[in-house]
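Line order of the protein sequences matches chains V and B. First residue of the first sequence: 11, per this note's numbering; consecutive thereafter. First residue of the second sequence: 146, per this note's numbering; consecutive thereafter.
Hint data in this document are derived by calculation from the structure and do not stem from the laboratory. Certain hints may be false.
[Claimed, not checked] Derived contacts from chain V toward chain B, CB cut-off under 7 Å, selection only:
1. Ile177
2. Leu178
3. Val179
[Unchecked claim] Some residues of chain B that are not near chain V, with every Cβ distance over 10 Å (derived):
4. Ser159
5. Lys209
6. Ile245
7. Ile253
8. Pro281
9. Asp320
10. Ala332
11. Cys429
Treat the numbers as computed from the prediction; the structure is a model and nothing was measured. The beta carbon of each residue, even a glycine, is placed where N, CA and C say it ideally should be.
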Amino acid sequence: MNQLQNFTKGFIKESPTFVLMLGMCPTLGVTTSAVNGLGMGLATTAVLVLSNIIISCIKSLIPDKVRIPAFIVIIASLVTVVQMCMEAYLPSLYASLGLFIPLIVVNCLILGRAEAFASKNGVWSSFVDGAGMGLGFTFGLTVLGMVRELLGNYAVFGHKLVQGDGILVFVLAPGAFLALGFIVAFINAIRKKA
Amino acid sequence: MDLLNVSGSPHVHSRESVKKIMWTVVIALLPTFAVSILSFGFDAVKLTLIAVASCLLFEWLIQKFLLKKPCSISDGSAVITGMLLAFNVPSNLPWWIMVIGALVAIGIAKMPFGGLGNNLFNPALVGRVSLLISFPQQMTTWPMPRPWFSHAAVDATTGATPLGMIKTGLAQGKDMGELMNQLPSYAQMLLGEQGGSLGEVAAIAIIIGGLFMLFRKVISWHIPVSFIATAFVFATILHAANPALYIPGSYHILCGGLLLGAVFMATDMVTSPMSGWGKIVFGCGCGLLTIIIRVWGAYPEGVSFAILLMNAVVPLLNKAFPPKRFGVTK
Numbered sequence: 011m012n013q014l015q016n017f018t019k020g021f022i023k024e025s026p027t028f029v030l031m032l033g034m035c036p037t038l039g040v041t042t043s044a045v046n047g048l049g050m051g052l053a054t055t056a057v058l059v060l061s062n063i064i065i066s067c068i069k070s071l072i073p074d075k076v077r078i079p080a081f082i083v084i085i086a087s088l089v090t091v092v093q094m095c096m097e098a099y100l101p102s103l104y105a106s107l108g109l110f111i112p113l114i115v116v117n118c119l120i121l122g123r124a125e126a127f128a129s130k131n132g133v134w135s136s137f138v139d140g141a142g143m144g145l146g147f148t149f150g151l152t153v154l155g156m157v158r159e160l161l162g163n164y165a166v167f168g169h170k171l172v173q174g175d176g177i178l179v180f181v182l183a184p185g186a187f188l189a190l191g192f193i194v195a196f197i198n199a200i201r202k203k204a
Numbered sequence: 146m147d148l149l150n151v152s153g154s155p156h157v158h159s160r161e162s163v164k165k166i167m168w169t170v171v172i173a174l175l176p177t178f179a180v181s182i183l184s185f186g187f188d189a190v191k192l193t194l195i196a197v198a199s200c201l202l203f204e205w206l207i208q209k210f211l212l213k214k215p216c217s218i219s220d221g222s223a224v225i226t227g228m229l230l231a232f233n234v235p236s237n238l239p240w241w242i243m244v245i246g247a248l249v250a251i252g253i254a255k256m257p258f259g260g261l262g263n264n265l266f267n268p269a270l271v272g273r274v275s276l277l278i279s280f281p282q283q284m285t286t287w288p289m290p291r292p293w294f295s296h297a298a299v300d301a302t303t304g305a306t307p308l309g310m311i312k313t314g315l316a317q318g319k320d321m322g323e324l325m326n327q328l329p330s331y332a333q334m335l336l337g338e339q340g341g342s343l344g345e346v347a348a349i350a351i352i353i354g355g356l357f358m359l360f361r362k363v364i365s366w367h368i369p370v371s372f373i374a375t376a377f378v379f380a381t382i383l384h385a386a387n388p389a390l391y392i393p394g395s396y397h398i399l400c401g402g403l404l405l406g407a408v409f410m411a412t413d414m415v416t417s418p419m420s421g422w423g424k425i426v427f428g429c430g431c432g433l434l435t436i437i438i439r440v441w442g443a444y445p446e447g448v449s450f451a452i453l454l455m456n457a458v459v460p461l462l463n464k465a466f467p468p469k470r471f472g473v474t475k
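Only chain B is shown next, with the shape it has when bound in the complex (with noise of 0.2 Å):
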């Protein structure tokens, strides 16, 4: 019974926080948001705040009146979700889908669960999936970002993702070394200049809020790198049996939503198993399935499935690979 025995004071305080917590994550997305503002102008400033604003108002809405709780809005949490959720659809997406989306969120993948803590799913993805779903035609029409500090009219052109770009011709029965030279280049897609989501578009941007999350002690590095890692090796595997067919590893993981997907959503604290080497099967699991469905799914991009189907095995995971109880000897 040594344990219960708390010791006098002093007592160290490690002085985190959900609140805290949930403030870094949301510092550690502004350099996406910046890019996202630099590539597609006022849409992004918009969009960022149509999902943020109508996020915190559903679950403050839900919390007054259904729950009869007191309100937790100033967690931060439905903050990220709005942000994450404004990050994963394209530009000119109509206002109204998005507070359709930030509703899906709150409103059924977040506060029927419980709340922050207690979902199951994560619930910018299942907003993000929800409206990918239900409205395919205004979800897949991409503006192509347009170059740095210029100010051409942001809508003028609209263009498919390298993903959607790489299904649709290979289903013309072309040749994949052919369509690589219409692609965007490597330097291209870790600046932004790709046709996709708010938040997808800029690699490196994401790199950096993934790094300052990761030395803030935010998430750990078993996700983000097993994910990638695991993505990299297969789509590699698959390159080396027949380039006619498969891009290189290298290019799945900087074009479409992999980073995004790797740095910000599967590291979600809530979704994500708890002790490292349920972490590490989590991120392998997501890394495999999300190739799956980009090389031989219907749809051109597959990380958000991939996630929502790992998120569901989480328990699973937590059983498999229980965390180490503090005090506990084998």
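With the rest of the complex left out, here is chain V (with noise of 0.2 Å):
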């Protein structure tokens, strides 16, 4: 695989949102609008990217029983120090983000990459496949928070559509299933075809 593929493959082949179906608490969490989705997309990449450069470059020093353990302390460290940045030049998205910020640790995504790629794979390798995939999941939130906004708020990134209060359900919780739901079809149907 050369590494272009490794990197385009977290768009829609395997698209940790749509395909994967890793990390869904903040994907049907925090995707109330784009811009939130984008905020929680970046920030996971941010970490994701670290993470996989960090643990690639370790991987012959952990012992392979406690690696689990370790790679969660890595990615701890990592999440405190994008929460603290975020909070200090990003004060109004950190708000809207809220708990989701912290949980990134325990995002399946972050551990899984690091589980199945970064610890077998070369420094280089790992960051692409890290940027690829946080942007692949960034793609997908994006693009669920988009749909979600619009329906539910007639706005697309913060700017009204049409006056009115939209289709308060894609807001709340339901909404995130339902519009996730409907999406992973349509991708279904798309790659069924192809």
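Taking the hints as your guide, dock the two standalone chains into a single complex.
This is the structure in structure tokens:
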């Protein structure tokens, strides 16, 4: 697999949100608007890229039996860094994402890539994999956020298209499941045809 | 292996079919429809037609273009979904919200599960609850029904449903005895002189439709009776414990959508348990949850939530109370 394929697989073919179904908690929890989805996705990407690089650097030092706790410690430290940076420089986004920032630690996507990719591949490949998967995750969250914002608030990235309240259910929790389900069905239909 | 041997003809054909059952339910809904026309005028006809037409259209579109299956809209199930959906909304609802409700009912609650016979939740109720959550303002502005055969403008006045009046009245610290004087009387509720959705205002019409279905054996007595009895008993106990806070059980039964839900929606063949005991447990759960939501919940009305919640446990009830298999002895 060349590096280009390694990078682009995260968008559709192995999309973490729509195909691998990893990191569902932030996917369903924060995508009430496109901006929230984008912010969450980029924060996760930052953690994912850094954790992939660090883990692939020190993979030969970590004893096999304690590799999961070791990965988690690395990821948790990185999340703390991202969280503090976000609190300092993007306080409004930090406020709207709230609890979901510390929860990046337990995002299956990050641990999954560490276990499945970074612990077996070189630093450069792991970086490309982390960037591709992270941006694919960002893409998925932004699409979901856009759909929910458009239907639930008649707005795109905060710009109101039509006056009024929108179909509120799409901003609420059931709307997250419904929108995700229909997007996944749509993507599966395309993949089947292709 | 005797069971597998089929005797020679002639056989007796029961003349039952999905189509026949569905159209019987449609006929049973007609008295309710008639009362809603008398009470709300042309709006009732308009909304019901829009709901039925959009349910049929969405089912046809999905079967034709997405599933590429033979078309089954003539079985009447989409007609029932449309009618029940329309009966569950206020008469001044904008038409496009009705269309969204139909899309949710058919496009989310029915067809993705595999169409008639496979849906876990009652499509009309899913449509109704989605609308209630999505458009809280439009879904809770109730035009008052006009007296029958008068020509007064229909949406001249809007008012709360009896249950809504109780909820806000109690929140303002009023006493239940004081509230009861402002609420519609039992006779008014029987004949449809109360604020509410299209199909829930007249108890008598629903009872007539229910008796017709019972007589034609489209529904069995288990669910309506256990639903209404549980609600009545539970509400009566609450009322006896503190009459200042809780309305009498008989009032609970006649107001709101309890009768409509118990007779037409909880009894949906697809989304209710198969055996008699399963149905009774199902009905008891519906009745209990309805009163719990009405009395302690955030929404004044709880019938649709209660039925949907119980729909979710139907597979478990079918396992716990399996229907008797033909020819098998214990």
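Of the hints stated earlier, which fail here? Hint check: 6, 7, 8 fail, others pass.
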